[in-house]
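Asks: One-letter residues, chain by chain:
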Amino acid sequence: MADGFTGTTLRINLSNGEIKKLPTDRKLMRDWYGGRGIVAKICYDEVPRDADPLGPDNVFIITSGILSGAFTPGGSKVEFGSVSPLTNGQGDSNMGGHLGPALKFAGFDLVIFSGISPKPVYICIDNDKVEIRDATKYWGMGSLDCEHVLKQDLGEDFEIATIGPSGERGILFSCISHDFGRQAGRTGQGAVMGSKKIKAIAVRGNKAIKVHNLEALYKHTYDIIQRTKEHPNMEPWQKYGTSFFIRWSNDNAVMPTRNFQTTWYEDVEKIDGESLVTKCLVTHKACFGCWMNCGKYSKAVIEGKKTVFAEGPEYETGALCGPNLGMHDINHVVYINYLLDNYGMDSMSGGGVMAFAMECFEKGLITEKDLEGHTMKWGSIDDVEHFLDMVVNQRGIGAWFAGGTRKAAEKIGKGSEKFAMQVKGQEMSGYDGRWAPGMLLSYMTADIGAHHNRSWTITVDMAEGRETTEGRAKIVIYLQHIRPLFDTWCSCRLFWGELDITPEEYAEAMNLITGWSDTIDQALKVSEKIWNLNRCHYLERNKANGRTFDYPPARSWEDKIPSGPGKGKGVSLEQVEAMLDDYYRERGWDKNGNPSRALLEDLGMGFAADNLEKSGFLGKPLEGGIPKVRGEKYKPKAF
Amino acid sequence: MIVYLKAGTQLREHLKPDVDYYTRKVETPEGMTLKQILESIGVNPGFVAFAYTDGKMKNLEYIPNDGEKITLQPPVSGG
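These protein sequence lines map, in sequence, to chains Y and W. Here the first sequence is numbered in my numbering, starting from 1 and rising by one per residue. Here the second sequence is numbered in my numbering, starting from 1 and rising by one per residue.
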């Protein structure tokens, strides 16, 4: 069948070593689109609600989406999914590079792991040949180091994803690495992979992908390529990647500085995009089929330390491991990027965890005695290095931080919960939301905790007024449908966000590949279904009303911004509550933040309403009924 | 003097290009910063992350030269 799917799903039971090749459930793919959608549905269906995310009953899924590897702009992503040990809800994370296309070229739509291997293994997929191989000699290696060795052992033409010692040891914010610098960072997918004793996945494939209308797809993509070549944003993107954004973020007072204590960093010019490009850049890097080459491969040279290489820092790592840690030297930020990458830790959560530790030290909540005679001071690369060593080896209080800032704050107490900058257990992205209320609402309501990838509203906040919360809910909801759609398609969203490729053009590519005829509105409906499925799953697992989990840390409303262009600004708790009320109403959820039956049935998800009702958390009927359309595309009135 | 400003995405709509799809020609007194030029044509400088000219990033305090072609880079859709 020429529909972009390979037609084969791999199921691997690691407990007994059984490998099964099964027909892909095309109806499931049709209903949930693949990528983020299919992992959400499989986890919802197959993982018992009381399963330990690091136990044998969790599944671990790898998939490439419809657009990955299929000659579409940005079609490079691979999606990982499981129940997250960090949030105890549905978790997913994706990355660029070449693994997603390779999986498809090898002939597999999905790989679903269950059980736990009795010993460390790596999975080798060489076209039709699938093997579980002994990984004892690789266990303990850094992520980057392991990929290097495996490339030597297997061949350069294998695409390889690895975990580091962090994932092996169950540190909850562990990531999965690939292509010496791409990471599936968020929600602890590396910890789940490590819990199953999978050290690496190596894939080589050279089969064709059969698509519905190759000639039209070729023309469609070729036209896009020509347009993007002329686009004014292309050249700066190619030169700086997302690191150029550091200055803007700082100038507009959303830069997380010293654990989100303030929002403007006085030494930003020492760690911004220009300093990266002039002092550390070695070469640009691109993902499969992409000509934007936003990746920046960099070198850190620090006296007394070994010279290291890392891909990055992109904006998030640059912000969260730069101003958020009080760093003064771009080489230090690159070095931290390398440490986190090789340990196999999410650099966003890693930055958040370190910043939290620094503030705890500043306030005397942890001491030199706790830190084995070391300090944890702002801007100290030596302190960072020692601290991360404690965390990855879970020595002393390092074990507290291995669970992320929420768990560390539970251990430390003494009011530290106030500045554990996380929602639902996942650390915040690199934007402070106190003077960007839509961004704060985005963090509060994201299904995977405080992650900007679901919704990003800083320019909306600037256009509509940074001190009002009016009207943010509808915009956030729309963004929470359109942005994750790219994760469902397994395509990079930067061509949409930065180079004017429209969502309609992405939907058209999907239809040319599959033979479907879905409009973008239909695609957004699928995205809305996935969103609500994840919400239902979360409530059933966590056995409480949704509202319980949707609050940001108290710093968000108690501490006004103390310095810089945003001095004195911030939201109140009343505004936080009002935003949540508005958001739930616009979502078709009740005041407790629980989806209503009317909404779920409108989405064709009566099964989810039945399950939620059995769990006791089905939302009450809404007075006046549910909104006919949830979410509204933002139309800027004026810049 | 004349300055050519180029922008894509939503910034392009507010720039109101008149030379080609992306570019607007602006006549401006010498010595004005980019920030001042943008304000003079009704574009909020806060929506420009940086300017890019001759292969280099410039901030909005940059003073353009006569005839210079400058790309205005809006903020990304999140990092």
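Keep in mind the hints are simulated off the structure, nothing from the lab. Given the structure is predicted, the values throughout are model-derived calculations rather than measurements. Where a beta carbon is used, it is the ideal one built from N, C-alpha and C, also for glycine. Heads up, some of the hints might be wrong.
Using C-beta positions, here's what the derived DEER-type ranges look like [as the list claims (entries may be wrong)]:
| no. | chain 1 | residue 1 | chain 2 | residue 2 | range |
| --- | --- | --- | --- | --- | --- |
| 1 | W | D18 | Y | E269 | 33 to 41 Å |
| 2 | Y | K279 | W | E68 | 49 to 57 Å |
| 3 | Y | N293 | W | D18 | 27 to 35 Å |
| 4 | Y | V301 | W | D20 | 39 to 47 Å |
| 5 | Y | K418 | W | D54 | 42 to 50 Å |
Restricting the straight-line Cα-Cα distance to at most 20 Å, the calculated cross-link-like pairs of lysine to aspartate or glutamate (EDC-like) are [stated by the list, open to error]:
| no. | chain 1 | residue 1 | chain 2 | residue 2 |
| --- | --- | --- | --- | --- |
| 6 | W | K16 | Y | E230 |
| 7 | Y | K239 | W | D54 |
| 8 | Y | K377 | Y | E362 |
| 9 | W | K58 | Y | E362 |
Asks: Starting from the hint list further up, note which numbers the structure goes against and sort them upward.
Replies: 2, 9
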